[in-house]
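Visitor: In case you want the letters, here they are:
2 protein chains.
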Amino acid sequence: MQKNGTTRTLQTVKDADGTVTSRVRRTVLPSGLRIVTEDMAGARSASIGVWVNVGSRDETPALHGCSHFLEHLLFKGTPERSAMEISVALDAVGGEFNAFTSKEYTVFHARVLDEDLGTAVDVLGDMVTASTITPFDVEAERDVILDEIAMHDDDPDDVVHNLFAHQAWGDSPLGRPIAGTEASITAMTRAQIHRFYRRHYRPDNMVVAVAGNVDHASVVRQVTKAFGRNDFLTGDATPTTPVQTEKARKVQPGEARTVRPLEQVNLVLGVKGLTRTDPRRYALGVLNTALGGGTSSRMFQEVREHRGLAYSVYSFASHHADAGIVGVSVGCLPGKYDAVLETVRGELAKVAAEGLTEEEVERGKGQLKGGLVLGLEDSGSRMSRIGKAELVYDELLTIDEVVGRIEAVTLEDVSALARELFTQPEMLAVVGPAAAAAG
Amino acid sequence: MQKNGTTRTLQTVKDADGTVTSRVRRTVLPSGLRIVTEDMAGARSASIGVWVNVGSRDETPALHGCSHFLEHLLFKGTPERSAMEISVALDAVGGEFNAFTSKEYTVFHARVLDEDLGTAVDVLGDMVTASTITPFDVEAERDVILDEIAMHDDDPDDVVHNLFAHQAWGDSPLGRPIAGTEASITAMTRAQIHRFYRRHYRPDNMVVAVAGNVDHASVVRQVTKAFGRNDFLTGDATPTTPVQTEKARKVQPGEARTVRPLEQVNLVLGVKGLTRTDPRRYALGVLNTALGGGTSSRMFQEVREHRGLAYSVYSFASHHADAGIVGVSVGCLPGKYDAVLETVRGELAKVAAEGLTEEEVERGKGQLKGGLVLGLEDSGSRMSRIGKAELVYDELLTIDEVVGRIEAVTLEDVSALARELFTQPEMLAVVGPAAAAAG
Numbered sequence: 002m003q004k005n006g007t008t009r010t011l012q013t014v015k016d017a018d019g020t021v022t023s024r025v026r027r028t029v030l031p032s033g034l035r036i037v038t039e040d041m042a043g044a045r046s047a048s049i050g051v052w053v054n055v056g057s058r059d060e061t062p063a064l065h066g067c068s069h070f071l072e073h074l075l076f077k078g079t080p081e082r083s084a085m086e087i088s089v090a091l092d093a094v095g096g097e098f099n100a101f102t103s104k105e106y107t108v109f110h111a112r113v114l115d116e117d118l119g120t121a122v123d124v125l126g127d128m129v130t131a132s133t134i135t136p137f138d139v140e141a142e143r144d145v146i147l148d149e150i151a152m153h154d155d156d157p158d159d160v161v162h163n164l165f166a167h168q169a170w171g172d173s174p175l176g177r178p179i180a181g182t183e184a185s186i187t188a189m190t191r192a193q194i195h196r197f198y199r200r201h202y203r204p205d206n207m208v209v210a211v212a213g214n215v216d217h218a219s220v221v222r223q224v225t226k227a228f229g230r231n232d233f234l235t236g237d238a239t240p241t242t243p244v245q246t247e248k249a250r251k252v253q254p255g256e257a258r259t260v261r262p263l264e265q266v267n268l269v270l271g272v273k274g275l276t277r278t279d280p281r282r283y284a285l286g287v288l289n290t291a292l293g294g295g296t297s298s299r300m301f302q303e304v305r306e307h308r309g310l311a312y313s314v315y316s317f318a319s320h321h322a323d324a325g326i327v328g329v330s331v332g333c334l335p336g337k338y339d340a341v342l343e344t345v346r347g348e349l350a351k352v353a354a355e356g357l358t359e360e361e362v363e364r365g366k367g368q369l370k371g372g373l374v375l376g377l378e379d380s381g382s383r384m385s386r387i388g389k390a391e392l393v394y395d396e397l398l399t400i401d402e403v404v405g406r407i408e409a410v411t412l413e414d415v416s417a418l419a420r421e422l423f424t425q426p427e428m429l430a431v432v433g434p435a436a437a438a439a440g
Numbered sequence: 002m003q004k005n006g007t008t009r010t011l012q013t014v015k016d017a018d019g020t021v022t023s024r025v026r027r028t029v030l031p032s033g034l035r036i037v038t039e040d041m042a043g044a045r046s047a048s049i050g051v052w053v054n055v056g057s058r059d060e061t062p063a064l065h066g067c068s069h070f071l072e073h074l075l076f077k078g079t080p081e082r083s084a085m086e087i088s089v090a091l092d093a094v095g096g097e098f099n100a101f102t103s104k105e106y107t108v109f110h111a112r113v114l115d116e117d118l119g120t121a122v123d124v125l126g127d128m129v130t131a132s133t134i135t136p137f138d139v140e141a142e143r144d145v146i147l148d149e150i151a152m153h154d155d156d157p158d159d160v161v162h163n164l165f166a167h168q169a170w171g172d173s174p175l176g177r178p179i180a181g182t183e184a185s186i187t188a189m190t191r192a193q194i195h196r197f198y199r200r201h202y203r204p205d206n207m208v209v210a211v212a213g214n215v216d217h218a219s220v221v222r223q224v225t226k227a228f229g230r231n232d233f234l235t236g237d238a239t240p241t242t243p244v245q246t247e248k249a250r251k252v253q254p255g256e257a258r259t260v261r262p263l264e265q266v267n268l269v270l271g272v273k274g275l276t277r278t279d280p281r282r283y284a285l286g287v288l289n290t291a292l293g294g295g296t297s298s299r300m301f302q303e304v305r306e307h308r309g310l311a312y313s314v315y316s317f318a319s320h321h322a323d324a325g326i327v328g329v330s331v332g333c334l335p336g337k338y339d340a341v342l343e344t345v346r347g348e349l350a351k352v353a354a355e356g357l358t359e360e361e362v363e364r365g366k367g368q369l370k371g372g373l374v375l376g377l378e379d380s381g382s383r384m385s386r387i388g389k390a391e392l393v394y395d396e397l398l399t400i401d402e403v404v405g406r407i408e409a410v411t412l413e414d415v416s417a418l419a420r421e422l423f424t425q426p427e428m429l430a431v432v433g434p435a436a437a438a439a440g
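Keeping their order, the protein sequence lines are chains A and B.
Position in the first sequence (from 1) plus 1 gives the number in my numbering.
Position in the second sequence (from 1) plus 1 gives the number in my numbering.
Think of the hints as simulated: they come from the structure by calculation, not from any bench.
Incorrect hints may have been included.
One copy or any two copies: either way a pair holds, since identical chains are not told apart in the list.
Below, computed lysine to aspartate or glutamate pairings styled on EDC-like, alpha-carbon distance capped at 20 Å [as the list claims (entries may be wrong)]: (1) Lys-351 <-> Asp-159; (2) Lys-370 <-> Glu-97; (3) Lys-389 <-> Glu-247; (4) Lys-226 <-> Asp-237; (5) Lys-370 <-> Glu-116; (6) Lys-248 <-> Asp-279; (7) Lys-370 <-> Glu-81; (8) Lys-351 <-> Glu-413; (9) Lys-15 <-> Glu-413; (10) Lys-15 <-> Glu-264; (11) Lys-370 <-> Asp-115; (12) Lys-248 <-> Asp-216; (13) Lys-15 <-> Glu-355; (14) Lys-351 <-> Glu-247; (15) Lys-370 <-> Asp-159.
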């Protein structure tokens, strides 16, 4: 590997006149840190994301919630900057600046005017590589996290989706809530969190993605400088390659119920889905769209339009490296619970038995393709596209390739998939007042 | 007035080379319907919004929730299209398509690829001008609305903000929740809703705003055709001019509490604010930003960073034609309630007594200006900017004019405003478990 890393152009997009409208380039530094950029003609903003390959599924029971706790702590200061100085640096330029933790990765991101990108890179590089994590900060932030857990616990939608994941994957890391529990957060020590930080925040486990009005070479220079603090980029390494499997891990069928004195009953009904790299995921995209992805979808039409059973009803498909779930989520008045459940089960059985219509497949494809193109105008979505692909997929498809895969989906593909998925044993999670939630 | 209406260019923006990058134009049709467009160089999408000058504050007690009920019903069909056909038309092209009702206006909006704008205009024109509102649809949608009210009632944040507005403005239209109540929605008849529709959905009470890769003249043609159904555009009228006042109406100081068995206590503490056209609103923007608008703000630093009292803490300023409120919103664990209240009150008293620092004012201005420019990349925000200005303001400022007004704010302006606002008697709304909420 060369001293300054290896650089490659991954994608070039031209418009009808042959003008280059976007170019995706990647540099792998000797330390294994990957930098991907997309320059967008005409953009005035730049979005940056630092993608770290760690999330709640990497946690032992004693460390449950550690990835998310750590995400908070990285905002608390470095030898160079206090928490206030970190905040000030980006607030002063009007940037949007935040972070999130998922089951599989942690992302720190900012959107700024192009001339302020250098500031954003410098602050993020400092935070991510040189956080001090003082005992005082751990204690103050522990209280903040306990409050955040209480807030999620007061949100019926969060409660029912966490319950559904727990039904599916049990007490395994995938089945646990990302933020941890009151017990795990209360017990976690500064030493445990700090070891977790050192183990996972390594250059070969990280991707810096930038999209907007940017120049790749200058981003590489800025990142090399900002992340080069304290010898963070010293040493040679090969980036961690995601371990992918096409077969989704088992789920645990059955019902889980939590009684809460709410006005509504919230329920999620679903089955085992597909992994992130399963080639049938494009067919699942079409199926999910037709089933519950818009106001013309079967669930919306049947549950809300025709029968007035609920305000919020949609289907979803979530994907992980080695697991996936597919389901329908509804909130309804307790008196409508039985009718909702019967309607949702009826629609799932019907699509399993009869598949979709040709018209639904075409509409679903149009909806997916339109959403894809509409999502490309904004530098934040482009940053997410290239950052996530680099971190968790084996490949970055061009937009044309994605459109091609959507177009290649046939009625038979979708109907076969619907039959396979929705004849599996179901999982049900219910949160609400006693009468409905008691089953 | 001419047969085809009067057209005027309101704003032209050029880049450094003199190339026009955006142009805002307005046409007023003889019927009083206003069409404003902004063509954005380089955009591939188009956003359209139909802005109707009606909201919950236009409702008598018997019609409480009617604007929002009506917003739902307009999706249910016309002589030309069923509810399903309305949904299909936009789902098929992948557009985002939705609506919302506020206290003062109702907006139907879509974002589509530029080539699909004609479809969006046609569907929206059909829905808004020719809705059939059948008795069957009223009954099915009544159930959906009752469920939506229950959903809001399970959301602690919605509950506390509704309680705060009720404390401020009592049983007046501004003090009531937008969606109505179970009683008002249950009692409302189809005839009442239909009369409300005919009274408020008139061309002179409506603005069609479009931004993106669009041509003004062709938008005017499309709108004239789509909204010309059933003689909707017949007759001459002058657009309804918003009635603005600079003096905000009185609020009712005091405390309101609702006991709920939640994990968190949610509280909103605030005072009377400014109207939408008050010239001091730019100073209030800076004050609000410094007080609780970002992670470097006083509330975030004091409540969350230094003391770990809460996860979510922010300040807000809401404006109406003749009213306004300013406040701080926090969710915390019950054991921290007293400390939160003391801290928030202490910070408000401090800013009233001492004002801000020069550095905070500069940072606040930078944050407002940065946010403004970052918000201009997307056709949806531009559509909202011109649509809302046309409907509810007397004037559409250029971005440079807005930046100029932000820059003109002085430390003295902000400090004087802080003193005036935060020495007024306070209003407090609290939702949470008995111990804290009982006061």
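Visitor: Each hint needs a verdict: does it hold in this structure or not?
Guide: Against the structure, the hints come out as follows:
For the identical chains of this complex, Lys-351 and Asp-159 are neighbours neither inside a copy (29 Å) nor across copies (37 Å), given an alpha-carbon limit of 20 Å. In the homo-oligomer, the alpha carbons of Lys-370 and Glu-97 lie at most 20 Å apart only across protomers (12 Å), although the nearest pairing inside one protomer, at 28 Å, exceeds that limit. For a Cα distance limit of 20 Å, the shortest separation of Lys-389 from Glu-247 inside one copy, 18 Å, qualifies, whereas the shortest one across copies, 49 Å, does not. Only within a single protomer do Lys-226 and Asp-237 lie at most 20 Å apart by alpha-carbon distance; the minimum there is 17 Å, versus 66 Å between protomers.
In this assembly of identical chains, the alpha carbons of Lys-370 and Glu-116 lie at most 20 Å apart only when taken from different copies (14 Å versus 32 Å within one copy). In this assembly of identical chains, the alpha carbons of Lys-248 and Asp-279 lie at most 20 Å apart only when taken from the same copy (8 Å versus 61 Å across copies). Taking the shortest Cα distances, Lys-370 and Glu-81 never come within 20 Å of each other, neither inside one copy (46 Å) nor across copies (27 Å). With identical chains, the CA atoms of Lys-351 and Glu-413 are at most 20 Å apart within one copy only, with a shortest distance of 15 Å there and 68 Å across copies.
When the C-alpha separation of Lys-15 and Glu-413 is checked against a cutoff of 20 Å, the pair qualifies neither within a copy, at 34 Å, nor between copies, at 52 Å. Taking the shortest alpha-carbon separations for Lys-15 and Glu-264, neither the intra-copy value of 53 Å nor the inter-copy value of 54 Å comes in at or below 20 Å. Taking the shortest Cα distances, Lys-370 and Asp-115 sit within 20 Å of each other only across copies (14 Å), while inside one copy they are farther apart (29 Å). When the C-alpha separation of Lys-248 and Asp-216 is checked against a cutoff of 20 Å, the pair qualifies neither within a copy, at 40 Å, nor between copies, at 50 Å.
With identical chains, the CA atoms of Lys-15 and Glu-355 are never at most 20 Å apart, being 42 Å at best within one copy and 57 Å at best between copies. Taking CA atoms no more than 20 Å apart as the test, Lys-351 paired with Glu-247 passes in neither setting, with 27 Å inside one copy and 59 Å between copies. In this assembly of identical chains, Lys-370 and Asp-159 lie within 20 Å of each other by CA distance neither inside one copy nor across copies; the values are 29 Å within and 35 Å between.
Of the numbered hints listed earlier, those contradicted by the structure are 1, 7, 9, 10, 12, 13, 14 and 15.
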